[in-house]
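Asks: Build out the structure end to end from the sequences listed, making use of the hints.
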Amino acid sequence: MPEKVMPGPVTDLSGIREAVCIHTRKIYDSCRDKDCIEDLRFYPKQQYMDVINRALSVKGGSAKLLHVYVDVEPVSFNRGFYTVDMRFFYAVTLQAYLSSPAPVSVEGLCVFDKRVILFGSEGNAKIFSSSMQTGEPDHQLMRRANSPIAVVEAVDPIVLDARITDHCGKRGCDCDLCEVPAFVSSCFDGELCGSDEARRIYVTLGQFSIVRLERDTQLLIPVYNYCMPEKDCSCGANRSEDPCCIFRNIAFPVGEFFPPNTVNLPENYEDAKASCIFGE
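Residue numbering for the sequence shown follows this note's numbering, starting at 5 and increasing by one per position.
Think of the hints as simulated: they come from the structure by calculation, not from any bench.
The reader is advised that the hints may include incorrect statements.
[To be verified] Quick list of in silico lysine-lysine cross-link-like pairs, DSS-like style, CA-CA up to 30 Å:
| # | residue 1 | residue 2 |
| --- | --- | --- |
| 1 | LYS68 | LYS277 |
| 2 | LYS130 | LYS30 |
| 3 | LYS49 | LYS68 |
| 4 | LYS49 | LYS63 |
| 5 | LYS38 | LYS49 |
| 6 | LYS38 | LYS118 |
| 7 | LYS49 | LYS118 |
[Said to hold, decoys possible] Taking CB as the label site, the calculated pair distances span:
| # | residue 1 | residue 2 | range |
| --- | --- | --- | --- |
| 8 | ILE254 | SER103 | 17 to 23 Å |
| 9 | ILE31 | PHE261 | 48 to 54 Å |
| 10 | THR266 | LYS30 | 44 to 50 Å |
| 11 | PHE261 | THR87 | 35 to 41 Å |
| 12 | ILE153 | ALA23 | 22 to 28 Å |
| 13 | TYR230 | LEU269 | 47 to 53 Å |
| 14 | LYS30 | HIS71 | 25 to 31 Å |
| 15 | GLU42 | TYR230 | 50 to 56 Å |
| 16 | ASP39 | CYS182 | 20 to 26 Å |
A quick note: this is a predicted structure, and the numbers were derived from the prediction, not measured.
Cβ atoms here follow ideal geometry from the backbone N, Cα and C, with glycine treated the same way.
Replies: Put into structure tokens, the structure is as follows:
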């Protein structure tokens, strides 16, 4: 019997037992991006407008990605290519500084629109399927086509900058707030301000994202064996370990006692999220 094959690179093809046809989504095209989104309009909650009008300055805080609306449309002049339009909704928390040294946290919404063009191939097949229901006739599912499906992966953005500006003049309807889905608005415990306020806040965010186009397809793949878990469930056994033993395994924090002569700027996402450099 051949040795057990584990997930990962394959060097010996003699262990293949059979070829099977599976139904899955094939990635036809994808891209990654690092967007520096400058001067995004910040829509605060109504209860913070008095704080913003009295604030001397604002500094960066934190941002959370709430939702991404995704729409796919074919490119008429380039067969097989599609535009992927995305609208990102962020919950942003900033630090407003008044006359007192302690800042006041203000919360609000930011909206960012993004478009990419990816290859998604062509296909006009109509798909029909059913869903089994115990004790009842099979339920016929709605007909669909094998058009490409856009998938967006993104992490919470980094707040790079924030500033207050005095606004003069009259403006019309604020379309960003008019098109906010109800479930996004419900994430804010209060009404968002979109009226003609005297002061506005603009935020700069750093966003990492991956966009891809997928299609349903059938693939022929090699099979080695059934995939059985090799790891035993611990059932919380580690909780009974001696806490002093755990402490002894922690390395001595030399850097805390002997600070370095220089401080390096953050180079990765986690360090940048935890850094206060962008808020200064």
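Asks: Hints first: check each against the structure and report whether it holds.
Replies: Results for each hint:
1. LYS68 - LYS277: holds, 11 Å
2. LYS130 - LYS30: This hinted pair holds, its Cα atoms lying about 18 Å apart.
3. LYS49 - LYS68: holds, 16 Å
4. LYS49 - LYS63: holds, 17 Å
5. LYS38 - LYS49: Roughly 28 Å separates the two Cα atoms, so the pair holds.
6. LYS38 - LYS118: Given pair LYS38, LYS118 holds - Cα atoms ~12 Å apart, limit 30 Å.
7. LYS49 - LYS118: holds, 25 Å
8. ILE254 - SER103: 17 to 23 Å: violated, 43 Å
9. ILE31 - PHE261: 48 to 54 Å: Holds, at about 49 Å.
10. THR266 - LYS30: 44 to 50 Å: holds, 49 Å
11. PHE261 - THR87: 35 to 41 Å: This hint is violated: roughly 56 Å between Cβ atoms.
12. ILE153 - ALA23: 22 to 28 Å: Given range 22 to 28 Å: holds, Cβ gap about 26 Å.
13. TYR230 - LEU269: 47 to 53 Å: 49 Å Cβ-Cβ, so the 47 to 53 Å window holds.
14. LYS30 - HIS71: 25 to 31 Å: holds, 26 Å
15. GLU42 - TYR230: 50 to 56 Å: Cβ of GLU42 to Cβ of TYR230: about 52 Å, so the range 50 to 56 Å holds.
16. ASP39 - CYS182: 20 to 26 Å: holds, 24 Å
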